[in-house]
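Colleague: Chain by chain, the residues run as shown.
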Amino acid sequence: MTTFIPTIGLEVHAQLSSNTKLFCRCINAFGGQPNHHTCPVCLGMPGGLPTLNEKAVTFAVRAGLALGCDIQNTSVFSRKNYFYPDLPKGYQISQFDKPVCLGGGIETEHGFVELTRIHIEEDAGKLLHADSALNKSAGSLVDLNRAGVPLIEIVTEPVIQSAEHAVAFLKKLRSILRYIEVCDGNMEEGSLRCDANISVRPAGETQLRQRVEVKNINSFRFVHKAIDYEIHRQSETYKQGGNIEQETRLFNTDKMTTKTMRSKENANDYRYFPEPDLAPLILESAFIEDIRSEMPELPEARKQRYVQTYQLSEYDAGVLTAEKETADYFEKTLAAYNVSAPEKIKKLSNLITSEVLRLLKENHSKIQDIAITPQRLATTLSMIDQGTISGKMAKELLEEIIKTNNDPQDIVEAKGWKQESDPEALKKIVLEIIENNPGQREQYLKGKDKLFGFFVGQVMKATQGKANPAMVNELIKKLL
Amino acid sequence: MSANQAITHVPAHELSKKLVSKEISSVELTRAFLDSIQSSNDALGSFLHVSSEAALEDARHADQLLGQKGAKDLHPLCGIPIGIKDIICTQDIPTTGASRILKDFIPPYDATVVAHIRSIGGVRIGKTNCDEFAMGSSNENSAYRPCHNPWNVQHVPGGSSGGSAAAVSARQTPISLGTDTGGSIRQPAALCGIVGLKPTYGRVSRFGSMAFASSLDQIGPMTHCTQDAALALDAISRPCSKDATYQHKPYCYNPDHLSASIKGQTLGVPWTFIQGYANEDVLENFKKQIDFYASQGVTIKTIELPHQRFASACYYILAPAEASSNLLRYDGIRYTHQTKDKESLEAIFVNSRTEGFGLEVQRRILLGTFVLSAGYFDAYYTKARKVRALIRQDFDQAFEDVDIIATPTTPTQAFALGAKTKNPMDMYHADIFTVATPLAGNPAISIPSGFTDKSLPLGLQLTAKHFDEARLFAFGSAHEQAFDHHQKVPVI
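Order-wise, the sequence lines are chains A and B.
Residues 3 to 482 in our numbering are what the first sequence lists, from first letter to last.
Residues 243 to 734 in our numbering are what the second sequence lists, from first letter to last.
Please keep in mind that the hints were generated in silico from the structure rather than gathered at the bench.
Since this is a predicted model, take the numbers as computed values, not measurements.
Keep in mind that a hint or two might mislead.
[To be verified] Think about it this way: if two alpha-carbon atoms lie no more than 27 Å apart in a straight line, the pair counts; the simulated DSS-like pairs of lysine-lysine are:
id, chain 1, residue 1, chain 2, residue 2
1, A, K100, B, K625
2, B, K584, A, K128
3, B, K530, A, K82
4, B, K707, B, K530
5, A, K138, B, K582
6, A, K429, A, K463
7, B, K584, A, K138
8, A, K348, A, K420
9, B, K696, B, K664
10, A, K100, A, K217
11, A, K420, A, K405
12, A, K394, A, K468
13, A, K227, A, K128
14, A, K346, A, K363
15, A, K100, B, K314
16, A, K173, A, K217
17, A, K227, A, K174
18, A, K405, A, K429
19, B, K628, A, K82
20, A, K57, B, K491
21, A, K397, A, K450
22, A, K430, A, K420
23, A, K468, A, K429
24, A, K173, A, K430
25, A, K227, A, K217
26, B, K260, B, K314
27, B, K259, A, K82
28, A, K266, A, K128
29, A, K128, B, K260
30, A, K138, A, K128
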């Protein structure tokens, strides 16, 4: 039985979060009244000319630096010519043979992924086809709010070996782009979009076989499904003696399959040529170095800092730093909590990675919007430290904060969850229980250690579980 | 001379004096020109749209400014009518590019040059005829009607800014704006006996001017005389942030530029090239101009521009290449003509464009699409870019030794309507002396240099270093001191 080895290359389009569009000063925002974020330039009206948005260039360079690319001192904008109703000028201004970034790459748990290049280009508009949710009319409608929104296209080398590898790369990439605040990474809104070039070859064969491009895969899950489907389809085709033609396929999100969009024969000749309306983009080294010097801390560096400074495990540090917002949340909570002992930081980390992240998922909420603010989480931790509540109560308390949006102190007060930590009161209870159970005491003193738990249980029962367990343990040991 | 002619035959800088001294109002002056248009436009076809309402509104506004204190400090073109080539967008005034595909287009915005003209109090008198999307050398490619040469209506006015040239020549407006890509200002200026200036590439913002060949297009003034051209350049070269190729070097008018002595300067003449293409009348006329400059103490030097002979071939690859892309936006989807036959998306594109574009435009789109196609790109486009660099280098080297280069503007006088429409290569040769300058980006001016024995005007083309328009004005002005060609008015 022949085994087939897949080879995958990705092309990722990331919308840059500049305030305005790439070649005009219309606002760059998702949604809005159709065709309201437009002007003669992005509408492709006669005499409209592009003027480059410096912020978008800065963002592209920042992304290039974060991904280890060589930033090119000279890059050139080119026109990619084709007709489509969402492309008002009839050409997309992009970069072709001289992109702004070359090389670079990302380390993933499945192996390093080299980048070929990153280039800057403009987005197209959107078509709303007839009889769809947003268009009840008989014809297609064109919305050009997105036309001219700045994009970077990140192209990998064909080095990815599996769907898992591809997804791991994309997750890291998304995390980095969000860390450096050049792209919000929102795949549902299309701020991050992915095309995959996939081929398979029999094990032992060195030459890559014909590749197929799959477009329109807009979530991590779909990337996984689309790649697996293509690997399977191509392998099966070869096994049955068939051939794979170079073509572009579209991913169908209902069926989780791909189907032919256009064959090589119908491929466009884009007739690229240098954009005469824009001079070559010259980036002085000082400009690049300025951007480098203002580069925010990247996820990998932050993770290592957590391992070294807070003595967190690689795993925990990785979870905390995967998203910038999570790491920010952790640090804000730590500042409010104001501790330095590694075991306390570990407790904080555990509470975030186990409870807070679970609650986020369950509530489809964002960490920056959650009712458990860093201040409230820090208060919760302090209350545990002070024995006001038991560690076991934390989970319930956090759930209650989300439910009520109240401060933890108020909830504990209202619910009567306050732990009994008054040494005198506890002493009284413990003495009483020892007195009432002389037999057990005797057996314990003779060496039946297990009975220690019996006394603890009795105290808890007497206090409805509110007794501070550490104090109870100590008192029982002493008073027995 | 009629009362009207006493106004319309006067150059803009003199009209300006009359306005400032209150001898005449801008409304009166504008009405005189509107009358002139009305009396001759049927015969000439120089205007596609006369914007009487906007013109009178602008004139009233100008009169208000002129009536206030400090009228002396206003721009000299305040209150002066200016014709605008129909390639240039004018807010709320129809702008068709002389193309059927934009038959009903009314821009919601002004081109930068129009905004500048309005801001100094200029008067938008109307939209002048031209070749469709500025593609042509005779104005015969206008989708609406041909334009006629005021000196002989059987002859073409030149192109593509033929309407702008005819309108100034026939004294329908003292100034008009044209666009020059391969000679479209200078060639019709020469054939109609007026002054036409193609500024340095990057001197004037192109925003709002329908792009033909973006790396070559430049807007410039067409006037009676050099002084008016200088004043108009001052107005239109003002700052603009909407064109990335605008170089932020506005030309500031200075009367010293016109009176500067040309004595002791060096004028280069590429004799070999000129003799290879100019006809006898043109050559004879040109020699007289060179003799004149020699008599003024200018040193005449023979120069070689070795790659000039490739300029036309180079131009007719690069300009259509850019045009094929620039014209993609006229696709039948938004503001253009849309076909009735829209069975499929492709049918909308193909039919709208086939119905909307004239034959010459279609020819250039096909040519440009071909030279940019995979497999042909390097042989045509890339090679033409290399030739362009050599042509520019020729000019740069020549300007190390000379201050000005002179050639005839055109190889022949104005030809008869229909004479060259059957053979596009013949038509393309009408630009032989003008195509090289835009490839190199230099500024060049055509000034009236007299008449053939058939009473058709000829022009002298002077080319200067980048951003050295002031020198063109000095040479032009010296010529006007000695000759009165620029004051001759055709009888229509």
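Colleague: Compare the structure with each hint and give your call.
Modeller: Results for each hint:
Our distance criterion of 27 Å between C-alpha atoms is met by K100/A and K625/B, whose separation comes to about 19 Å. Distance check on the hinted pair: K584/B and K128/A sit about 20 Å apart at the alpha-carbon level, within 27 Å; holds. At most 27 Å may separate the alpha-carbon atoms for a hinted pair to count; K530/B and K82/A exceed this at roughly 50 Å. For the suggested pair K707/B and K530/B, the alpha carbons sit about 24 Å apart, so the restraint of at most 27 Å is met.
Annotation: proposed proximity of K138/A to K582/B holds, straight-line Cα distance about 22 Å (limit 27 Å). For the proposed pair K429/A and K463/A, the alpha carbon gap of about 15 Å is at most 27 Å, so the pair holds. A C-alpha spacing of about 20 Å is found between K584/B and K138/A, which places the hinted pair at or below 27 Å, so the restraint holds. Taking the CA atoms of K348/A and K420/A, the gap is about 24 Å. The hint holds against a cut of 27 Å.
The straight-line distance between the Cα atoms of K696/B and K664/B is roughly 24 Å, inside the 27 Å bound, and the hint therefore holds. Our distance criterion of 27 Å between C-alpha atoms is met by K100/A and K217/A, whose separation comes to about 24 Å. For the hint linking K420/A to K405/A, the alpha-carbon distance of about 19 Å falls within 27 Å, and the restraint holds. Restraint check for K394/A and K468/A: the C-alpha separation of about 11 Å stays at or below 27 Å, so the hint holds.
Between K227/A and K128/A the CA atoms are separated by roughly 25 Å; this keeps the pair inside 27 Å, and the hint holds. Between the alpha carbons of K346/A and K363/A the distance comes to roughly 25 Å, so the proposed pair stays at or under 27 Å and holds. Restraint check for K100/A and K314/B: not satisfied, since their Cα atoms lie roughly 53 Å apart, outside the 27 Å limit. A distance of roughly 18 Å separates the Cα atoms of K173/A and K217/A; the hinted pair therefore holds under the 27 Å criterion.
Taking the CA atoms of K227/A and K174/A, the gap is near 19 Å; set against the 27 Å cutoff, the hint holds. The hinted pair formed by K405/A and K429/A fails the criterion: a straight-line CA distance of about 36 Å is larger than 27 Å. Between the alpha carbons of K628/B and K82/A the distance comes to roughly 22 Å, so the proposed pair stays at or under 27 Å and holds. Taken as a hint, the K57/A and K491/B pair is honoured in the structure, with Cα atoms around 25 Å apart against an allowance of 27 Å.
The suggested pairing of K397/A with K450/A is violated, with an alpha-carbon distance near 34 Å, which exceeds 27 Å. Among the hinted pairs, K430/A with K420/A is consistent with the structure: their alpha-carbon atoms are about 18 Å apart, no more than 27 Å. The suggested pairing of K468/A with K429/A holds, with an alpha-carbon distance near 14 Å, which does not exceed 27 Å. The straight-line distance between the Cα atoms of K173/A and K430/A is roughly 57 Å, outside the 27 Å bound, and the hint therefore fails.
With a C-alpha separation of about 13 Å, the suggested pairing of K227/A with K217/A holds against the 27 Å cut-off. A threshold of 27 Å between alpha carbons decides the hint, and for K260/B with K314/B the separation of about 11 Å falls inside it, so the pair holds. Of the supplied pair hints, the one linking K259/B and K82/A is violated, its CA atoms being roughly 52 Å apart against a limit of 27 Å. A distance of roughly 25 Å separates the Cα atoms of K266/A and K128/A; the hinted pair therefore holds under the 27 Å criterion.
Taking the CA atoms of K128/A and K260/B, the gap is near 56 Å; set against the 27 Å cutoff, the hint is violated. With a C-alpha separation of about 16 Å, the suggested pair K138/A and K128/A falls inside the 27 Å cut-off, and the hint holds.
Comparing the model with each earlier hint shows violations of hints 3, 15, 18, 21, 24, 27 and 29; every other hint is respected.
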